[in-house]
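The sequence shown begins at 24 in the numbering used here and counts up by one.
Rather than coming from a laboratory, the hints here were simulated on the basis of the structure.
Bear in mind the structure is a predicted one, so any value in this text is a computation, not a measurement.
Please note that the accuracy of each hint is not assured.
[Unchecked claim] Mimicking DSSO-like on lysine-lysine, the simulated pairs with C-alpha atoms at most 30 Å apart in a straight line are:
1) K63 / K27
2) K63 / K88
3) K57 / K88
4) K76 / K88
5) K27 / K88
6) K76 / K63
7) K127 / K88
8) K57 / K76
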Amino acid sequence: MDRKLTVTHTEWSIMELLWEEPRTLMELVNTLGKTVGWSKSTVTTMVRRMTEKELIAYDTDGRTKLFRPAVDREDVVAQETDSLLDRAYRGSLGLMLSTLVNHKHLSKADIDELYAILRQAEEEAE
24 MDRKLTVTHT EWSIMELLWE EPRTLMELVN TLGKTVGWSK STVTTMVRRM
74 TEKELIAYDT DGRTKLFRPA VDREDVVAQE TDSLLDRAYR GSLGLMLSTL
124 VNHKHLSKAD IDELYAILRQ AEEEAE
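Work out the full structure, taking the sequences as your base and the hints as a guide.
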């Protein structure tokens with residue numbers, strides 16, 4: 024992905040729903056009204072802005088627009104992670120992992136998963 028994907032904290036709420044499945048505006052309004060308390064005008068404004076930013080797109084079925092993500096979750100997560108790494112840890116992956124390990128209880132499964140990821144990275148680096 025060549026372009027910079029910037030998803031704000033509030034936009035994540037909509038992206039999470041659309042990564043699950045495409046939805047109409049009213050489905051978004053109903054769900055977001057219940058989960059985060061947004062009004063119809065707030066959701067409409069957010070959807071319009073996100074369409075302009077090319078984060079989401081829509082298909083038309085008669086008068087109904089079915090909104091869907093225009094970006095892959097993996098691409099957005101990768102850019103968010105790179106941004107966090109650069110901003111908070113000055114690019115140091117070791118510092119980031121050390122912070123996570125020292126401030127969050129890791130289960131045996133978490134540790135096994137980290138080892139598997141590191142083994143795969145080591146194999147790819149050879």
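Each hint tested on the structure:
1. K63 / K27: holds (29 Å)
2. K63 / K88: Distance ~15 Å between K63 and K88 Cα, so the pair holds.
3. K57 / K88: holds (21 Å)
4. K76 / K88: Judged against 30 Å, a Cα distance of about 17 Å means the pair holds.
5. K27 / K88: holds (26 Å)
6. K76 / K63: holds (20 Å)
7. K127 / K88: violated (42 Å)
8. K57 / K76: holds (25 Å)
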